[in-house]
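S.K.: In case you want the letters, here they are:
2 protein chains.
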Amino acid sequence: MKRKTFGPVTSQHVAQLAGVSQSAVSRTFTPGASISPATREKVLKAAREIGYRPNAIARSLNTARSRIVGVVMSYFDNQFYPQVLEALAQQLDELNYHLLLFVGDRDGNVDRIFDQIMQYRVDGIVLASVSLSLELSEECLAAGIPVVLFNRSEETGIASSVNTDNVAASRQIAEFLLAGEHKRFAYMAGVADSSVNLARQQGFVSALEAKGVQDIRVVQGDYDAQKTARAAQELFSSSAPPDAIFAANDHMALTVMDVARYEFGLRIPEDVSVIGYDDTGASGWPSYALTSASQPVTAMVTATVALLMKQIESENIEPEQVVVTGALIVRHSARRPHFGVVEKEGLSLFQPQEVE
Amino acid sequence: MKRKTFGPVTSQHVAQLAGVSQSAVSRTFTPGASISPATREKVLKAAREIGYRPNAIARSLNTARSRIVGVVMSYFDNQFYPQVLEALAQQLDELNYHLLLFVGDRDGNVDRIFDQIMQYRVDGIVLASVSLSLELSEECLAAGIPVVLFNRSEETGIASSVNTDNVAASRQIAEFLLAGEHKRFAYMAGVADSSVNLARQQGFVSALEAKGVQDIRVVQGDYDAQKTARAAQELFSSSAPPDAIFAANDHMALTVMDVARYEFGLRIPEDVSVIGYDDTGASGWPSYALTSASQPVTAMVTATVALLMKQIESENIEPEQVVVTGALIVRHSARRPHFGVVEKEGLSLFQPQEVE
Chain W
1 MKRKTFGPVT SQHVAQLAGV SQSAVSRTFT PGASISPATR EKVLKAAREI
51 GYRPNAIARS LNTARSRIVG VVMSYFDNQF YPQVLEALAQ QLDELNYHLL
101 LFVGDRDGNV DRIFDQIMQY RVDGIVLASV SLSLELSEEC LAAGIPVVLF
151 NRSEETGIAS SVNTDNVAAS RQIAEFLLAG EHKRFAYMAG VADSSVNLAR
201 QQGFVSALEA KGVQDIRVVQ GDYDAQKTAR AAQELFSSSA PPDAIFAAND
251 HMALTVMDVA RYEFGLRIPE DVSVIGYDDT GASGWPSYAL TSASQPVTAM
301 VTATVALLMK QIESENIEPE QVVVTGALIV RHSARRPHFG VVEKEGLSLF
351 QPQEVE
Chain U
1 MKRKTFGPVT SQHVAQLAGV SQSAVSRTFT PGASISPATR EKVLKAAREI
51 GYRPNAIARS LNTARSRIVG VVMSYFDNQF YPQVLEALAQ QLDELNYHLL
101 LFVGDRDGNV DRIFDQIMQY RVDGIVLASV SLSLELSEEC LAAGIPVVLF
151 NRSEETGIAS SVNTDNVAAS RQIAEFLLAG EHKRFAYMAG VADSSVNLAR
201 QQGFVSALEA KGVQDIRVVQ GDYDAQKTAR AAQELFSSSA PPDAIFAAND
251 HMALTVMDVA RYEFGLRIPE DVSVIGYDDT GASGWPSYAL TSASQPVTAM
301 VTATVALLMK QIESENIEPE QVVVTGALIV RHSARRPHFG VVEKEGLSLF
351 QPQEVE
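Chains as they are written, first to last, in full-length UniProt numbering: chain W, 1 to 356; chain U, 1 to 356.
This list has only true hints and no planted wrong ones.
Beta-carbon label-pair distances, calculated as ranges:
1. W:270 to U:94: 46 to 56 Å
2. W:325 to U:226: 22 to 32 Å
3. U:65 to W:325: 36 to 46 Å
Some chain W residues well away from chain U (every beta-carbon gap over 12 Å; in silico):
4. 168
5. 222
6. 339
Okay, derived cross-link-like pairs now, SDA-like style, lysine to any residue, Cα gap no bigger than 20 Å in a straight line:
7. U:227 to W:285
8. U:227 to W:287
9. W:227 to U:286
10. W:227 to U:281
11. U:45 to U:119
12. U:227 to W:284
13. W:227 to U:287
14. W:42 to W:27
15. W:310 to W:157
16. W:227 to U:285
17. W:227 to U:284
18. U:227 to W:281
No wet-lab data here; the hints were simulated from the structure. Backbone N, C-alpha and C fix where the C-beta goes; we use that ideal spot for every residue, glycine too.
Pulled out of the complex, with its shape left as it was, chain W reads as follows (with noise of 0.2 Å):
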């Protein structure tokens, strides 16, 4: 994917290219004027293809803000993202901003989110959703709204994006594993090509690599519990079954517990330890006390805010990744190493490096 050039683009170049009058270009960038859409998708191709902004002009034009920011998600079944949209809701509206929300087709279909985030004039958008991120956020940048990817990124490092940083997380459960003496490895992936998914996997799997480990097992869950369970039933049917599973998030790794005890017998962690990702509300539940990577919800969404606002605010939309420090939470899903875990404001921790 070619990196966009944000010069200083004019609704004439994009006229000039399109071969449209420069009214056409205006009113495929005014919410409500009248366009056809032969002539809106020119313009926009036009204007994709340069790498025009009309915010600017639809600033001076338009003083007031709509005050309402555009949310894609999906995955509403895993806690996380509910978490997420009522932390976002409860920042933006301190702000007087408030959410208009999109559920994100697992499908992918990029341009029908996008003519609907186009009817309505929202100042930002988060995209939280996993496969519509790359397309539709460079569309919105082209058509000069401020996004914000949350929980994944892209990259061509085009949009801003919050993350908490997925592959030194990762790479702390295997060594947190590893330190708990275990053997067999599996890691429960995510939707393959999602970029929170690939960051994991690499993580987990060049830490496990580095200290030898050679046959670690991938299956697909595909942050879908029925697809999960499916997956970790093949797992533990196999001749030589884990006893160590990450899943790429909670969502998963709960399913993953579920199987093992109801459906195999297992003890957790005595048989097998399971690690998720997120530390979800479900995480701490005593039935299933789930050893996590945190991303903390409350400093990721104030960091999407931030980045929005400052992009709102701003003429110029510079594109900035900010990485969300999170830490292995660990409660009794995997069996402790002998060094490594602290105590700290009730919880516990693996900080290995402040131990040694």
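Given chain W's structure and the hints, the job is docking chain U onto it.
M.R.: Just chain U, lined up with the frame of chain W:
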């Protein structure tokens, strides 16, 4: 609370009562129009007093709708609400409407939320928050905005609402527990004055009393995990702890189960039966296998959207109270009676009337 009369009240009446010009009334109800806060306050007060609804006028001036539905919601940690939010967003999306989210203030700051809602030209409102429902729905209706109360109702019947039959379902839970030969009953109450809590408590208690049960303990969980844990500790610490607990929602029931098992070493259902209300995602997880009265999210949301659209299309807001039929989903958190449990489409339901 006195019932408003929705006669043919005009903006002239409002202007007269408020002592302002008719144009001031019009500007108060025109989004984005200039109006001083003091004048606006006078107009809103007068409009509320005489039940003025500007929507007919506003619509004749503004043929274009905002295509925004405001949703006031809280309790995101209770999985039921994110499920509702997702379904609502998807169903509205199909009608090319989208959802602007307001996080309900549990302390019930109505004015602030109302002012925020008025900032946006929403076409309708769904109120799914406990403490705000009564006053807020009156304010919105007085301002001419269609309102649907979701999973709550108000005594006056002034606003439309969608609920399951809370009284009947809770009566059935009492019958199920009586049929299971339980002896000592407790009710884990939600927020004391919320409409669904009152209905569930009334249905449960009256059905038990009708069968001669006198001593029914009622403790307050207030829909809050920490308060619920403390109330459960109180119940299980007593000299004659209950052997049957009905919690006013699943979110509290799951907490009761965790406290029973992990703090008191009780077996479920051998030592104590627990039943919830909602049938949310986690209730079906094998770690809980909670017996619960279902609230069919899709059917409830379909009814909500239908009510909203009918009101948005029409000039008149005729309140309707829709009751959606649920079922008692029988899993393993409560002792099963020897009769009345039938298997349907992979689920076990309590339907004694069909067996007798």
